[in-house]
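Kindly produce the complete structure, drawing on both the sequences and the hints.
Number of protein chains: 2
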Amino acid sequence: MTRQAYKTISVLPMAGRERLIGRELSIEKAIRALWDALNGWRIETERVRAPDALNRILAQDVVAPADFPPFDRAAMDGYAVKAEDTFGASPTNPALLKVVGESRIGQWPGFEVHRGEAAYVDTGAPIPKGADAVVMVEYANRVSEEFVEVLSPVAVGENVSKRGEDVKAGSIALKRGAVVGPAELGLIHQLGLEEVEVFAKPKVAVFSVGDELVELFPDAPPGKIVDSNTPMISSVLRRWGADPVASEPVPDDVDAVKEALRRSLESCDAAVVCGGTSVGEKDVVPEAVDSLGPPGVVVRGLAIRPGRPTGLAVVVGKPVFLVPGFPAAAYLVTEFVVIRFLWMAMGHRDGPPRRTALARLSRKVPSHPGVTHFVRVSLRREGDELYADPITASGAGVLSSITRADGVVVVPPELEGYEAGERVWVYLM
Amino acid sequence: MTRQAYKTISVLPMAGRERLIGRELSIEKAIRALWDALNGWRIETERVRAPDALNRILAQDVVAPADFPPFDRAAMDGYAVKAEDTFGASPTNPALLKVVGESRIGQWPGFEVHRGEAAYVDTGAPIPKGADAVVMVEYANRVSEEFVEVLSPVAVGENVSKRGEDVKAGSIALKRGAVVGPAELGLIHQLGLEEVEVFAKPKVAVFSVGDELVELFPDAPPGKIVDSNTPMISSVLRRWGADPVASEPVPDDVDAVKEALRRSLESCDAAVVCGGTSVGEKDVVPEAVDSLGPPGVVVRGLAIRPGRPTGLAVVVGKPVFLVPGFPAAAYLVTEFVVIRFLWMAMGHRDGPPRRTALARLSRKVPSHPGVTHFVRVSLRREGDELYADPITASGAGVLSSITRADGVVVVPPELEGYEAGERVWVYLM
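Those protein sequences? They're chains A and B, same order as listed.
Offset between the first sequence (1-based) and the numbering used here: plus 25.
Offset between the second sequence (1-based) and the numbering used here: plus 25.
All the given hints hold, so there is nothing to weed out.
Copies of the same chain look alike in the list, so a pair counts if it works inside one copy or between any two.
Calculated lysine to aspartate or glutamate pairs in the EDC-like style (CA-CA distance at most 20 Å, straight line):
id, residue 1, residue 2
1, Lys-187, Glu-137
2, Lys-249, Glu-219
3, Lys-249, Glu-127
4, Lys-343, Glu-291
5, Lys-249, Asp-92
6, Lys-228, Glu-69
7, Lys-228, Asp-77
8, Lys-123, Glu-137
9, Lys-343, Asp-268
10, Lys-200, Asp-92
Just so you know, the hints here were simulated from the structure itself, not pulled from any lab data.
Nothing here was measured: the structure is a model prediction, and the numbers come from that model.
Structure below.
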């Protein structure tokens, strides 16, 4: 926006206000508008080796090729028995059973267990035919090579892992969109799958705009400020599975921003441009974006606090996020707008699955109707209650309000805040 | 343990039971015993460049070298004023102020604002001397080059970020032991710190023991099972900041385990050996550990379910964790014993800061007194309540009980379980 445009707004202040505020959209509507304007953009998928799937997002259901476990097996070291033979057994009145064999891991037992009989089983070994429970070794007294005393009863199925108990052949073991954590990674290995189809990590360019900004270096010139938003935004992107490509700050100059953005989008799938998005004189980013061809800026102004000056744009068919330069706003907009969009593109309609907790507000939280408020809170356990203390911060510029926060309470637009003592859902950070 | 030793246990079953169960320790006592036996083992620290600090754990407090912001600055684009000049202002009764200058980002304003005056300020620009509030540009009507109408009152301090408001010089901006997330990374940059002191990532060897185990490969021989624990345990370690060094499965052979462990500890700071830790005949790991010199196995048997056969050992002065081979037990023991120990060594007395949520149990959870139970639960939001559904699983071998779990309820040893409807704390996974 040039000086001239600024003056236009200044002499028509209410219209200027309208220009921004009148177009404020909810996050849902804004993301939908961006999506519609993108017209076919998508996140690619790729096959990765099972060991490399950690923290990736599945692009296809993982179907079990076979039952797991593949046979009934012992869940404990002990003796495979017919459970009814142990009923009433106790240390003073043990059940005496004949030991007819041993079942070893990786070998098929060639014998059967009948009434009055038992077979030693290793944990994980197949249960011999006829047996329906396992007496733990601690409750068995091997009185001789041939006989064992059972000191405690077992129920049918006790200490037995049934065939298919963990995963049945043909069943969906993991759903498309699931995040591969440690347990999912173990399951993929357990199923013997060598590769899985995952979403490619979207490459997202990140840079900040501002004459005052410098990259971290030993002695920043006086009056300059280190660009903390670019590493912060990059970290949020990395944490949620994207591949950030950070570059140095760009001055408040339309041509410089245009060139930086054009170059970034040659190799990246999307871009986050931080700063220069408000209605002030120096807001060169929207102009730079629009100069790169239609559709340009699709949404300008979101009905969220902080984060109102957020813009969504399409440049060379790719999504570009105009994120406010205030650190706390930059953080929240990246978490709740950029990440939500990227995860929507990976089948998560409402963004990534975030952990939530119910907590009791220790203070009133006011909000404007029609606007979604993100209230940073710290959490405190007190007896059997979790309390959320709203963090007092005089502006979105206060980064420590984020480092001190344990979570975020989202006040929806249909409410006028929450009262002290109300129980609210907290998104845990 | 040789066949002979097994027989000794078998013919003296209660003593054998005692041998394991009688020594069962709580996690706290077991970790303390391991720590005492380690005698000086510690996790090193290192300096990393600020951009590389993401997800690292601070080994020193981060002290702010200067106030941030370094001066009072505008939190909004607008007009710096004396607040009292705006009291009573409205669109129908605006306050007319004389514009005496502009304050730009990165430049020091060389003028002062007196009663009846205003100065245009960019967001982030220094507040000129004399001014004590900022009127947002949306509430200002620049009627001419020389005058501006203020349409709404502002309070003293409104839209001003005070010097040191975010972080005061000399204050501890981040504490030793803090995990560097995106916001902390931003703050480190904002403070202009080039490097921070963090804990080195402990190198932890991970391997599984079992004749039946193979590394993932196209066609596992019949009767063999893919080793899913090693990648799973490695993933948990990686997720919590360690540097896992996974190797292939080792057969149930004392010499093979001994050699694998000896070799691992040449280059690693610690080891996790999965499987072969119970009292069955094939439990070669404790014997292998003890053969590598004193103190060897320090703790055998924890008062936890699942995970009872867990062992803690010291080999060549380094901690070695003997983790049960059942996948769910392996997972939980890694999360709640191994990780807890490693984080204790990094100043987190009670292990890593885990997210917790209060939830209402949908079913009764039984437990044995004197034993800590880890109950996997899935969480369900229903209206204004979070419900925890205990996951029914017939054994610790059921890995899908972990993939389906949203969290874990820890039943402490002093309780005999929880009733249906009780509100409990859930550790979110």
